[in-house]
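Q: Sequence:
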Amino acid sequence: LMKQVKLENVDPDSFTYNILIRSFAKHGYTEEAWRYLENMERRGLHVDLRTLGPFIKYSADRGSEEWVDTAFAKVRSLNLPGDDLLISSIIQARTVCKDLTGAESTFWKMLAEFPGAVRGRSWAALIKAHSKLGRLEDAVSVVGEMARLELRPDYNVYTGLLEGYLAHGKVALAEKLLESMEKDEIKPTAHTMSLLLRGQLRERNIPVAMTTRELMQRQRMRIDVRTYHELIAVLGAGENLNAVEEVFEEMGETIGWTPHACRRMVEIYSNRRMGLRMIRMLRKMIEQQVQPDPETQRLFSEHFDSAAGHMYSKKLLTEVGELGKSIAELSSRKLESRKGALTRLPV
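Quick note: the sequence shown uses my numbering, first residue 147, plus one each step.
Any given hint could turn out to be false.
[As the list claims (entries may be wrong)] Lysine to aspartate or glutamate pairs mimicking DMTMM-like chemistry, simulated, CA-CA at most 20 angstroms apart:
1. K430 with E385
2. K255 with D215
3. K244 with E212
4. K430 with E392
Worth flagging that the hints you see were computed from the coordinates, not collected in a lab. What you are looking at is a predicted structure, and each value in this text was computed from that prediction instead of being measured.
Sequences and hints are given; from them, build the entire structure.
A: Dropping the structure here:
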């Protein structure tokens, strides 16, 4: 797109550069993003937190502490004010690099320098730093420090602590924390409820997990992909096949099936020697244009090439072969589609 801008002799403005920098940084092309930022300065265009903020955030997501520090030095040199997202991103980068001392030091320095800018995101980032690096008690003490400063925890703070409890297997404490959220008139969201549901599933507390799921359904909260994967894995290990099939169908109706979820279902049917259901599963995948991954294809090959495969009629085995051809065609079409999309990009 930038090449097209140059071909048409359009002089890019700050808005255009900000989009480019954000896009390059988001997809990991950090050096290219920084070169465009330097081009902005050479052209005399205005560089502010709309430029540097996303760069710092995406660099932090990738744990690139060096680039975060470089960008923050630029913030300093331009005398730009710190904001909550910027500060939390710096703390996040320190956390990813397992630099807890650096995360704490950054937080308290920023609190002293930009007291009005340090809000829920930054406090939550500090809580996550402690919990992710194995210091749950210190994470809880951060909330106590907020109370001492007469600051009220917001949604971000509660979510950060919730993640910490669940990461350390403290599901009962997480459940009590959600009750505290509601007392503070902060409504749990689909994200917080999905976190809790996954924690309950990891503890194999299926009755309670199903109650949480039903509550989410009543409140029209959408379950995310990771939680559906966890539900299928945990329920699939039990005896109630109807329950896992119900969850799988629900996933298809709400967010669509993923290759991972389909593979899980194929594994469940394969372990139970349910070849007919495996075939039905493969038909559904073709209908929904879900490309089976190599592991799914291997499960099919092993099942129908083994002794169990000889139990099926020739007609059924022929259908399996035809379905295999359909899968190959689907894979080929998706590959051609990707190639076509690349050739249509502006030069």
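Q: Broken hints, numbered, in rising order?
A: 1
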